[in-house]
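Engineer: The residues making up each chain are set out below.
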Amino acid sequence: MAPKATVTAAEHGLALCHSCGTVQHVSQGQCPRCHAALHTRKPQSMERTIALAIAAAILYLPANLFPIMSSRGIGSNISNTIVGGVIYFWKMGSYPVAAIIFIASVVIPVLKLISITWLCIAVRTGKNPRTMTTLYRMTELIGRWSMVDVFVVAIMVAAVQFGSLMTVEPGAAALAFAGVVILTMLSAMSFDPRLIWDAARKKTTPTHKHP
Amino acid sequence: MTEQPQPDSPVIPEAPVRRRTQRLSAVWIIPIVAALLGAWLVWQHYFLQGPTVQITFDTAEGIEAGKTVIQCRSVAVGLVQTVRLKEDLKGVITKVRIDRSAAELLHKDTRFWVVRARVGESGISGLSTLVSGSYIELDPGTSKEQAYAFEGLEEPPITPQGVPGLHVTLVADQAGSLGPGSSVTYKGLKAGKIESRTFDPVSGQVKFGAFIQGDYGKLITDKTHFWNVSGVDLRVGADGVRLRTGTLDSLISGGISFDVPPPGVPSQSAVDGQVFPLYESFDETQKVILHPRMTFLLLFENSVRGLTVGAPVEFRGIQVGTVTGISFAYVPDNPLFKVPVLISVDPAPITHNTLDDLAAITRNMENNVRRGLRATLKTGSLLTGQLFVDLDFLKDAPPAQVEEIAGYKTIPTISSGLGRLEDKIVGLLDKIQALPLDETVTNANGALAEIRDTAAQTKKLLGSDGTQALPGELKQSLSSLRETLSGFDQNSAFYRDLSQTLQDLNEAIRSIDSLSRTIERKPNSLLFGLPTGDVQPPKAKKP
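If you read the protein sequences in the order shown, they are chains A and B.
According to my numbering, the first sequence is numbered sequentially starting from 144.
According to my numbering, the second sequence is numbered sequentially starting from 6.
Hints in this document: simulated from the structure, not taken from any laboratory.
Check before you lean on any hint, since a few could be wrong.
Straight-line C-alpha distance at most 30 Å; calculated DSBU-like pairs for lysine-lysine [said to hold, decoys possible]: (1) K228(B) - K192(B); (2) K480(B) - K465(B); (3) K72(B) - K234(A); (4) K346(A) - K185(A); (5) K192(B) - K212(B); (6) K234(A) - K100(B).
Bear in mind the structure is a predicted one, so any value in this text is a computation, not a measurement.
Working from the sequences, and respecting the hints, build out all of it.
Structural biologist: So this is what it looks like as structure tokens:
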């Protein structure tokens, strides 16, 4: 469904101050009220989004290949990767725990990366702007929940330190996974959803240059 | 919204200030850093990880894949990756990932063993593994060669490699209470440990591997004696009761002590792996202890009465073995009924080296037999008639060699000196016995009768009148002879005539003598006579 042809603030040279929310003429350069820089759209939004998403995708590999947590205890020295942990809980019969870990640590980061990629494509094509906006909202909302895994590791490491009885240590994947979550969040934040509408608008109205 | 400039224009006016150039944004540093970080992690994981080694064990008891760690001096240096059965099901193969930092510990003689709780002769060990689980201990070797496949030890070695000291082998007849972990003491100080105890089925003896640690190893020479100090040594003798014990440790688990040859005795430092006899007690070190290694069969033609099992076998007065058996059962096929005697010989007291090679001993013996070595029975004690076997080289021995009879190697025998004398006397007596004495006596009797007859006849002859008259006639003859002789007296005419005749004869001989001398000087005088004046035979005229 094509968006209705509406008038945008940008077309009028107006911009919303990012910090205090006043609408100012963008030509002023900076907000006369709070002196923040004025931008019509988030600066270099696409570039940042793509760069951070790529970085997240790269870190996603070591995050899954390396053990995220190793527990050294009486007669055992277990170190598990994320997927290994999921399988471990599943075999133990703790299906809910396995499902939570699987969704929070595997599904959500992957979905986030996919949706960011999709949004970036949408900015180019300008198709389905409303669906895309919903997708963006969801991406921003669920993104932080991926940190559950990192929090679990952090809490375990801090709490389970019983000397030779039981010691939990973070693995190399914990750092990588935290990096994945943070980078996807930053990537989603860098994305400017208005660009979707700009693209959709651009698509419906034939190109013609500003004089 | 009075001002409506081109409502259908989608072009968004750019912010005039803070306008960035179209250069590549700094945000791209983040994926580059992420890529580098990821690459580094992967590289570290896959390229910086250490080698995989394969260790075989008899059993995988206590070994768990992914859990059991490899430790070297209680530092984890690796992890067991997989455990699987051998193809022949006679053991297990464990694949172990060794940390890269510990890869240099993998020498050819590096040893691995599973540390688990053990209660044994050498004490209780590995109690901590009851709680923490078993682990594989790595004892780095000293070899320069690297290796990646190892045979795991079933029992932990007593002494780690690389500890300075000396390894020696002690040989004894009885193991007693000695075993791995028994201590070796010197003057009451702990100097080492027994590491292994094995039975050698070839020589039938017990071999102990002992480790003498540190500087104590330098005390060991080829003249060192090792003896057993296990238990309590209680002696009651003329000088009272004597009780000797080792340390408490050696009372429980046995122990070995050693001495150092007195100064001035030439000795060489022992080398690693040198073999020493292990004596039963300190007193035994003062005696000669034999370790018979080779059995030989002797076949004696004479009676062996007086020879007992355990009797010494001597070589020129030095004991080299013992008699181990006397029985006809050893040689079933024995038409001459020679007495088979088994002896056990240890050439060590003579050759001064402990030959472990039985073939070498046999060869040695064969050579000696060819050179005249023979066995004899000799009397050890004239009072009791105890015999012993004497081995010696016989100069004019008939050629012989080591033969194999009924599976035994035999040393040829000769009769003893006494035996030979006996033989000769017996032979002599036999000859005497074989003489036809009865006949001789009969003949002699006959001869005597004849002699008696002759004597009677002579007597009769002497008693006859003619014989009786003989002395008177003899007397007459003698007086007439005297008369005849008196005719040749100095004053008689006959004597004077004879004297004159002899003088004439003397003169004649003298003139013949002068004649012969003249002829010798001037042979021509025979023709021309003696020169009278200066008459010379005329010279022959020249032609």
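Engineer: Take a quick look at whether K346(A) and K185(A) sit within 30 Å of each other, Cα to Cα.
Structural biologist: holds (21 Å)
Engineer: So if I understand the rule, the pair passes when the alpha-carbon distance is 30 Å or less; does K234(A) with K100(B) pass?
Structural biologist: holds (26 Å)
Engineer: Hint check: K72(B) vs K234(A), CA-CA at most 30 Å. Holds or violated?
Structural biologist: Given that 30 Å is the threshold and the Cα spacing comes to 19 Å, the pair holds.
Engineer: K480(B) and K465(B) were given as a pair; does the straight-line alpha-carbon distance stay at or below 30 Å?
Structural biologist: This hinted pair holds, its Cα atoms lying about 23 Å apart.
Engineer: Tell me if the straight-line CA distance from K228(B) to K192(B) falls inside 30 Å.
Structural biologist: holds (17 Å)
Engineer: With a cut-off of 30 Å on the C-alpha distance, tell me whether K192(B) and K212(B) pass.
Structural biologist: Distance ~23 Å between K192(B) and K212(B) Cα, so the pair holds.
The structure agrees with every numbered hint stated previously.
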